[in-house]
Amino acid sequence: MSKHKHHSVLPGFNLALGFTLLYLSLVVLIPLSAAFIHTAKLTWPEFWNTVTAPRVVASYRLTFGASFAAAVVNAFFGLLVAWVLVRYPFPGKRLVDALIDLPFALPTSVAGITLTAIYVGNGWIGQYLEPLGIKVAFTPIGVFVALTFIGLPFVVRTVQPVLEDIEKELEEAAAMLGATRWQTFRRIIFPTILPALTTGFALAFARAIGEYGSVIFIAGNIPMVSEITPLLIITKLEQYDYTGATAIAVVMLIISFVLLLIINLLQWWIRHRKAIA
Amino acid sequence: MVDSPSQGNRIKFMSITQSPHTFTAPQTQEAPWARWVLTGLALAFLSLFLLLPLAAVFSEALKKGWEVYLAAITEPDALAAIQLTLTAAAIAIPLNLIFGIAAAWAIAKFEFRGKSILISLIDLPFSVSPVVAGLIYMLIFGLQGWLGPWLREHDISIIFAVPGIVLATIFVTVPFIARELIPLMQAQGTEEEEAAIILGASGWQTLWYITLPNIKWGLLYGTILCNARAMGEFGAVSVVSGHIRGLTNTLSLHVEILYNEYNFVAAFAVASLLALLALVTLALKTFVESRVAQKISR
Amino acid sequence: MKFNMWLSVGLLMFIVANSNQALADRTILNVSYDPTRELYQAFNQEFIRYWQDKTGEKIAIRQSHGGSSKQARAIIDGVPADVATLALAYDIDAISERSGLIPAGWQQRLPNNSSPYTSTIVLLVRAGNPKKIKDWDDLIKPGIAVMTPNPKTSGGARWNYLAAWGFALKKYNGDESEARHFLARLYKNAPILDSGARGSAINFIQRGIGDVLISWENEAFLALKEYGPEKFEIIIPSISILTEPPVTVIDKNTDKHGTQDIAQAYLEYLYSKKGQEIVARHFYRPSDAETAREYAHQFPEINLFTINDVADSWQQAQQIHFSDGGLFDKIYEYQ
Numbered sequence: 001m002s003k004h005k006h007h008s009v010l011p012g013f014n015l016a017l018g019f020t021l022l023y024l025s026l027v028v029l030i031p032l033s034a035a036f037i038h039t040a041k042l043t044w045p046e047f048w049n050t051v052t053a054p055r056v057v058a059s060y061r062l063t064f065g066a067s068f069a070a071a072v073v074n075a076f077f078g079l080l081v082a083w084v085l086v087r088y089p090f091p092g093k094r095l096v097d098a099l100i101d102l103p104f105a106l107p108t109s110v111a112g113i114t115l116t117a118i119y120v121g122n123g124w125i126g127q128y129l130e131p132l133g134i135k136v137a138f139t140p141i142g143v144f145v146a147l148t149f150i151g152l153p154f155v156v157r158t159v160q161p162v163l164e165d166i167e168k169e170l171e172e173a174a175a176m177l178g179a180t181r182w183q184t185f186r187r188i189i190f191p192t193i194l195p196a197l198t199t200g201f202a203l204a205f206a207r208a209i210g211e212y213g214s215v216i217f218i219a220g221n222i223p224m225v226s227e228i229t230p231l232l233i234i235t236k237l238e239q240y241d242y243t244g245a246t247a248i249a250v251v252m253l254i255i256s257f258v259l260l261l262i263i264n265l266l267q268w269w270i271r272h273r274k275a276i277a
Numbered sequence: 001m002v003d004s005p006s007q008g009n010r011i012k013f014m015s016i017t018q019s020p021h022t023f024t025a026p027q028t029q030e031a032p033w034a035r036w037v038l039t040g041l042a043l044a045f046l047s048l049f050l051l052l053p054l055a056a057v058f059s060e061a062l063k064k065g066w067e068v069y070l071a072a073i074t075e076p077d078a079l080a081a082i083q084l085t086l087t088a089a090a091i092a093i094p095l096n097l098i099f100g101i102a103a104a105w106a107i108a109k110f111e112f113r114g115k116s117i118l119i120s121l122i123d124l125p126f127s128v129s130p131v132v133a134g135l136i137y138m139l140i141f142g143l144q145g146w147l148g149p150w151l152r153e154h155d156i157s158i159i160f161a162v163p164g165i166v167l168a169t170i171f172v173t174v175p176f177i178a179r180e181l182i183p184l185m186q187a188q189g190t191e192e193e194e195a196a197i198i199l200g201a202s203g204w205q206t207l208w209y210i211t212l213p214n215i216k217w218g219l220l221y222g223t224i225l226c227n228a229r230a231m232g233e234f235g236a237v238s239v240v241s242g243h244i245r246g247l248t249n250t251l252s253l254h255v256e257i258l259y260n261e262y263n264f265v266a267a268f269a270v271a272s273l274l275a276l277l278a279l280v281t282l283a284l285k286t287f288v289e290s291r292v293a294q295k296i297s298r
Numbered sequence: 001m002k003f004n005m006w007l008s009v010g011l012l013m014f015i016v017a018n019s020n021q022a023l024a025d026r027t028i029l030n031v032s033y034d035p036t037r038e039l040y041q042a043f044n045q046e047f048i049r050y051w052q053d054k055t056g057e058k059i060a061i062r063q064s065h066g067g068s069s070k071q072a073r074a075i076i077d078g079v080p081a082d083v084a085t086l087a088l089a090y091d092i093d094a095i096s097e098r099s100g101l102i103p104a105g106w107q108q109r110l111p112n113n114s115s116p117y118t119s120t121i122v123l124l125v126r127a128g129n130p131k132k133i134k135d136w137d138d139l140i141k142p143g144i145a146v147m148t149p150n151p152k153t154s155g156g157a158r159w160n161y162l163a164a165w166g167f168a169l170k171k172y173n174g175d176e177s178e179a180r181h182f183l184a185r186l187y188k189n190a191p192i193l194d195s196g197a198r199g200s201a202i203n204f205i206q207r208g209i210g211d212v213l214i215s216w217e218n219e220a221f222l223a224l225k226e227y228g229p230e231k232f233e234i235i236i237p238s239i240s241i242l243t244e245p246p247v248t249v250i251d252k253n254t255d256k257h258g259t260q261d262i263a264q265a266y267l268e269y270l271y272s273k274k275g276q277e278i279v280a281r282h283f284y285r286p287s288d289a290e291t292a293r294e295y296a297h298q299f300p301e302i303n304l305f306t307i308n309d310v311a312d313s314w315q316q317a318q319q320i321h322f323s324d325g326g327l328f329d330k331i332y333e334y335q
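Protein chains in written order, with full-length UniProt numbering: chain A, 1 to 277; chain B, 1 to 298; chain C, 1 to 335.
What the hints contain is simulated information worked out from the structure, not anything from laboratory work.
Hints should not be assumed to be uniformly reliable.
[To be verified] Within a straight-line C-alpha distance of at most 20 angstroms, the following computed SDA-like cross-link-like pairs (lysine to any residue) qualify:
| hint | chain 1 | residue 1 | chain 2 | residue 2 |
| --- | --- | --- | --- | --- |
| 1 | B | 63 | B | 75 |
| 2 | C | 188 | A | 224 |
| 3 | C | 252 | B | 157 |
| 4 | B | 115 | B | 98 |
| 5 | C | 252 | B | 284 |
| 6 | A | 93 | B | 284 |
| 7 | C | 134 | C | 189 |
| 8 | B | 115 | A | 93 |
[What the hints assert, rightly or not] DEER-style ranges, computed between Cβ atoms:
| hint | chain 1 | residue 1 | chain 2 | residue 2 | range |
| --- | --- | --- | --- | --- | --- |
| 9 | A | 65 | C | 273 | 36 to 42 angstroms |
| 10 | A | 57 | B | 59 | 39 to 45 angstroms |
| 11 | A | 48 | C | 181 | 30 to 36 angstroms |
| 12 | B | 111 | A | 91 | 46 to 52 angstroms |
| 13 | B | 156 | C | 112 | 36 to 42 angstroms |
[Unchecked claim] Over the 10 angstroms line for every Cβ pair with chain C, so calculated as not near, a few chain A residues:
| hint | residue |
| --- | --- |
| 14 | 19 |
| 15 | 175 |
| 16 | 176 |
| 17 | 222 |
| 18 | 224 |
| 19 | 237 |
| 20 | 239 |
| 21 | 241 |
| 22 | 271 |
The C-beta atom is built at its ideal place from N, Cα and C for all residues, glycine as well.
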């Protein structure tokens, strides 16, 4: 990278950077600052009381808990799917590979009504679960299902390229030296894909925390039980409590910033490892 | 192959302590039963979470036959929703395309301080909840917001009108093209452009004849992602839409409205239209990906 | 350049889409609450015909539906509504207070406190009434799943809540702590709190969730009409609340759009003989005495109390029950 450090002969730096900053400011930064400025109307104790009210805290617990659980499931199955897609031939593989991104391309409201239709008591899956006493739709489990759906592509898509890049020689060497497949996986493959896996996990987690469209249809919206934080923002708005809504929005914004920072650090970690290897 | 020393050590350590006697058959494949189990598990998971919902959309949509289905998607409000959705995407995508090229040009071709912060800021809309995105536009353009009264006086409507929906759409799709182009242009380096400039090409000529042809597949790929997200956005648009039938309803909002009118078949019919769009997107994406792969391998 | 071309095509489409709007005949926007979709669909057609006969002008009417508070909030934030037809006066009061788009005395401008139709809250159960639900106090029995929306966001849900509250006050001779206990038990039986009345109805009717739906009377009749008495049954409780959904012209918006005459005539037409008939046909109780007599067979007799019997005003009811930290929140916080 050091070769770029001298003065570049390429033109357009000022124009390109200027436009980038202007556009970003107009569309993203200035609007986001509105949330912070609006919240500044509150004193610190007022702000604190708003964002730590029991119902709000319960919504954080659900949002983060379900997002975390969904991201964990996605990390496990995402790794499995990526592994199968990279390593094993099977008929229809290209089709399956293309379908992985469906949750990304499918509008969230469509996902919401569809998952609800499947998991309610008279739905395709619900009819088998309900007699067992398992209720999915309109419970926290429903929130978890919706978040698993929307987070599905992230782990697969971050792990897949890294798995493809792993050099076979390393595994052959391990096998020559007598390692079992499981040992090779645990000691060689897993450490290599760990940064990508963590990034995928963090991306799925970040996406899940903000998710609204698919969740509101399938969550029961019971205060303290199945109410997610973005819904609470909407609820506050509909009670004409703009400042309260914005205060919770600010908390979510800060969390987004932090998560993003972590994700970028992770990606730096991957590049760093790649550079060493 | 160069490996990190620590990894090499670990392999040696393992081979000595744990399996000193299995030198016979070097295996780099799992046993067939393990492969079947793993493949089966993966496919079961995908069927449960991907195929089943997809099948459900079409099954519910066609529950009452093709006639009802066609009637639902050609009804005037649905057509207005399609038009609005296309309009929003048609404005948001070119703007984000220009932004993506400008941002990638600045970030990939030059060194400057604060670059990593800039990259993080471009990513920000990805992790901000769509609801928050809608809310902030309301704080600015709403009648009780910063610019609301002024806009009203000058007869400009932003929120609860097409511009608000376009703005919300732009916000949620800002990162997609830029994020696709930055690594691509970084990987390509600056030599070709530098040569063109030294040979006397202007900046625009260089961009047009050198850079854009090099990144065209990445550009298309980013556009496809951006389009998918733009057409499907729900949360942010729902806050700024006002849900006026035939006027400020996008397709994904129209799904919700029909759903709330006991009109399930129509809701799923419109939903299936969006699902089809998603499938077309995926097909295009797969095609573009294979082109990108060819390009790289060449 | 290709991208500039795309951009101009986009802008062109945008301009065309907007100018279409400007060139069209006058349009009014009615921002309403959830269960009125079918009512206004029918009423709008009738009014468009009436207006054309009267003035020769062909107008268009646009509709927006959602939870009552959500709709009021949208008007406050600038949805260009010409008329608001919401579920309760509190939401229109909020528009007046927070946006100044209408004067404070809006409710005195039209007859009957600006409510051209009234309704009440009834219980909808599955055919045969398998859980033997007869009255409000059956709803707090263990094992009964009650469907009702969230009173924080739904106007209908607030009427539901206050109807149960009125019953409890009567049952416990005005003992408020007993009444609170009653409501706590009732909401403990509610597995889902949808954000709007429609959501609850859909979950009960279509998804088959819950044993009883606390519902607008008109919504219950609509369900009966659509799905037949072989699927549902309406239970008339011993006592319920008289719901008065009010309507108003949003003055500052109609001034701006130049639609005062249409908006005013639109609402007045709701009170006309024809309007009242449409109202009654959609199972709202007409305010016109004559129409009410004609359609009396369709509406069961219910012991009704009004909002003023359980609170000084909507403001006060809102403050005590539904504000943050109010009685409704306490139900959930101390469970």
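Evaluated hints:
1. At roughly 18 angstroms between alpha-carbon atoms, residue 63 of chain B and residue 75 of chain B fall within 20 angstroms of each other, so this suggested pair holds.
2. With a C-alpha separation of about 12 angstroms, the suggested pairing of residue 188 of chain C with residue 224 of chain A holds against the 20 angstroms cut-off.
3. Distance hint between residue 252 of chain C and residue 157 of chain B is fulfilled; the C-alpha atoms sit about 15 angstroms from each other, no more than 20 angstroms.
4. Of the pairs offered as hints, the one joining residue 115 of chain B and residue 98 of chain B holds, with about 19 angstroms between alpha carbons and a cut-off of 20 angstroms not exceeded.
5. Using a Cα cut-off of 20 angstroms, the hinted pair residue 252 of chain C and residue 284 of chain B is violated, with the two alpha carbons roughly 49 angstroms apart.
6. Simply put, residue 93 of chain A and residue 284 of chain B have alpha-carbon atoms about 17 angstroms apart, close enough for the 20 angstroms limit, and the pair holds.
7. Only pairs whose Cα atoms come within 20 angstroms are accepted, and residue 134 of chain C paired with residue 189 of chain C is accepted, the gap being roughly 16 angstroms.
8. Straight-line distance between C-alpha atoms of residue 115 of chain B and residue 93 of chain A comes to about 39 angstroms, which puts the hinted pair past the 20 angstroms bound.
9. Distance hint check: the CB atoms of residue 65 of chain A and residue 273 of chain C are about 58 angstroms apart, inconsistent with the given range 36 to 42 angstroms.
10. A hinted range of 39 to 45 angstroms for the beta carbons of residue 57 of chain A and residue 59 of chain B is consistent with their spacing of about 40 angstroms.
11. For the pair residue 48 of chain A and residue 181 of chain C, the supplied restraint of 30 to 36 angstroms holds, since their beta-carbon distance comes to about 32 angstroms.
12. For the pair residue 111 of chain B and residue 91 of chain A, the beta carbons lie near 49 angstroms from each other, so the given range of 46 to 52 angstroms is met.
13. For the pair residue 156 of chain B and residue 112 of chain C, the beta carbons lie near 38 angstroms from each other, so the given range of 36 to 42 angstroms is met.
14. In this structure residue 19 of chain A is separated from chain C by more than 10 angstroms, as the shortest Cβ-Cβ distance comes to about 13 angstroms.
15. Residue-level check passed: residue 175 of chain A sits 52 angstroms from the nearest beta carbon of chain C, beyond 10 angstroms.
16. Every C-beta of chain C lies more than 10 angstroms from that of residue 176 of chain A, the closest at about 55 angstroms, which supports listing it as non-interface.
17. Listed as a non-interface residue, residue 222 of chain A fails to keep its Cβ farther than 10 angstroms from every Cβ of chain C; the least gap is roughly 5 angstroms.
18. In this structure residue 224 of chain A is not separated from chain C by more than 10 angstroms, as the shortest Cβ-Cβ distance comes to only about 5 angstroms.
19. Some Cβ of chain C comes within 10 angstroms of the Cβ of residue 237 of chain A; the nearest lies about 6 angstroms off, and the non-interface call is violated.
20. For residue 239 of chain A, the shortest C-beta to C-beta distance to chain C comes to about 6 angstroms, within the 10 angstroms cut-off, and the non-interface label is violated.
21. The Cβ of residue 241 of chain A does not lie farther than 10 angstroms from every Cβ of chain C; its closest approach is about 7 angstroms, which violates its non-interface assignment.
22. With a minimum CB-CB distance of about 30 angstroms to chain C, residue 271 of chain A clears the 10 angstroms threshold, and the non-interface call stands.
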